[in-house]
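S.K.: The primary structure of each chain is shown beneath.
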Amino acid sequence: MNTDNYEALKTIIKIYLPEDVSVDDITPNSHLINELNINSANLVDVVLDVEDHFDITIEDDEIEKMDTVASALEIIGQKVN
Amino acid sequence: MKKRVVVTGLGVCAPNGVGIPAFTKSIKEGISGIQFRQELADLNFGCQIAGQPQIPEDLLSSYFTPLQLRDLEATGIVYGMIAGVDAWKDAGLTVTDKETVDYDSGIIFGTSLLGAEKFRKAIYLTDEGKVKRLGSTTVIQTMASGISAYLGGYLGCGNQVTTNSSACTTGTESILMGYERIANGQAIRMLVGGCNDSGPYIWGGFDAMRVLNKKHNDQPELGSRPMQSDAGGFVPGSGAGALVLESLESAIAREATIYAEILGGAVNSGGQRQAGSMTAPNSVAVQRCIKDALQYANVHPDSIDTINGHLTATGMCPTEVKNWSEALGRAGKDFPYINSLKSMTGHCLAAAGSIESVATVLELSEGMVFGNVNCDDIHEDILTIVDQERIPNKTIHTEIKVAAKASFGFGDVNCCILLKKYDI
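Chains as they are written, first to last, in our numbering: chain A, 277 to 357; chain B, 386 to 809.
Bound-form chain A, shown alone (with noise of 0.2 Å):
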């Protein structure tokens, strides 16, 4: 797993955690909505923050494999390298 980018998502997911969520509650393993209980209207704000950070562009069948943070790492690892 790359670190920075770990880093880089933890940041980004940030914001979108609820109040009793907080940003140490991430793992690699988190599901974002059923454990980060994130809400799902935002997981399309997730992925265009995402894109403008690793400047990709993530397609919507992709978008569907994000269900976790390490699936979401992955897809990321792909697109930069």
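A couple of the hints might just be wrong.
[To be verified] No more than 16 Å apart at the CA atoms, straight line, and that leaves these computed lysine to aspartate or glutamate pairs for EDC-like:
1. LYS483(B) with ASP296(A)
2. LYS515(B) with ASP336(A)
3. LYS483(B) with GLU295(A)
4. LYS517(B) with GLU338(A)
5. LYS517(B) with ASP321(A)
6. LYS517(B) with GLU335(A)
7. LYS515(B) with GLU335(A)
8. LYS515(B) with ASP325(A)
9. LYS517(B) with ASP325(A)
10. LYS515(B) with ASP328(A)
11. LYS806(B) with GLU784(B)
12. LYS517(B) with ASP328(A)
[Stated by the list, open to error] Partner residues aside, some chain A positions facing chain B, computed with beta carbon under 10 Å:
13. ALA284
14. TYR292
15. LEU293
Simulated from the structure, these hints should not be mistaken for laboratory data. Positions of the beta carbon are idealized from the N, C-alpha and C atoms, including for glycine.
Model the placement of chain B on the given structure of chain A, informed by the hints.
M.R.: Just chain B, lined up with the frame of chain A:
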């Protein structure tokens, strides 16, 4: 048996005052919120002055989460949230916890066009083929009911949560709608009011219709001139006003401060028939609306102490005063006091009726009639109906028992409500 309905909370985000203390001071002292707007001049507007609430940046974090603030561009939502949340807190009410829904409390918060700036950006992105870039907040900031949705989520209200829209009648109509819901026993508390966005995309259409004042760009505070002989157009405004309405029994049970009682009112349309049109009121319907409001509220015309008029300064003010006079059967020195808040705020459009109703409630609770500003040359057609002393140009401190408030809007729609100083 209808339930009695009282006002237990007030909030305002007006061009001449954000928050009740600042607003109260402004209306008492005749402080104008009209300013020159460079952006309007840069865009070749005829009218380059407007009323826009001045919001300190650090104020917003009390009303919005950091995520909500990040791309918040709907000024109407900003104003409506400040006024609405303030009113709720002023009423001594609390925000529910995450697991609790307050099914006894609802929201009717009106607007005209919401999130114009946000919609503009969305249109550009869409036309560039970048629809994905719209993100998740374009819809909630541009749907008319965005304001009631933001408020509902903040407060946890579970009764009716909706947005009404009837042009410049909106703000007053929301009060009547909330009143009826409580009077009929369908809700215990209703947060009511209206908000309106600021900015060139909101005001431009009025500039194009040539209904705005273009003559005071270098003297903004003199620009809004309701009832004056030289009134030649209104000054566009924006903002929000909010009231917490509550059943009297609930207000007493929780020992809430009671600002005033709402006696009810009437709403109608002139049908765009007779002399009425899309943009001009049918005077027959206006008078009928006022009379219907009196009848519903069981108020004798002679007991009205003051009128907070619609009085925009487009040149229709003499007609409005005539309508009041004929509907009430009162004239000369016997006419109630009459004033127009728009002389200080401009015409705040969908928010106008709510901001002006907040001012009316303050008149009742504080025992005053606020003075009109820019009021030294009253139109001769008005002076043939009303004695000049009934149109104060300085605030008068006197007990006010019954006040009438009316708003009229495009589409030939009218609303009149009656408010009373609370006594047991």
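S.K.: Starting from the hint list further up, note which numbers the structure goes against and sort them upward.
M.R.: Going through the list in order, the structure violates hint 13 alone and respects the others.
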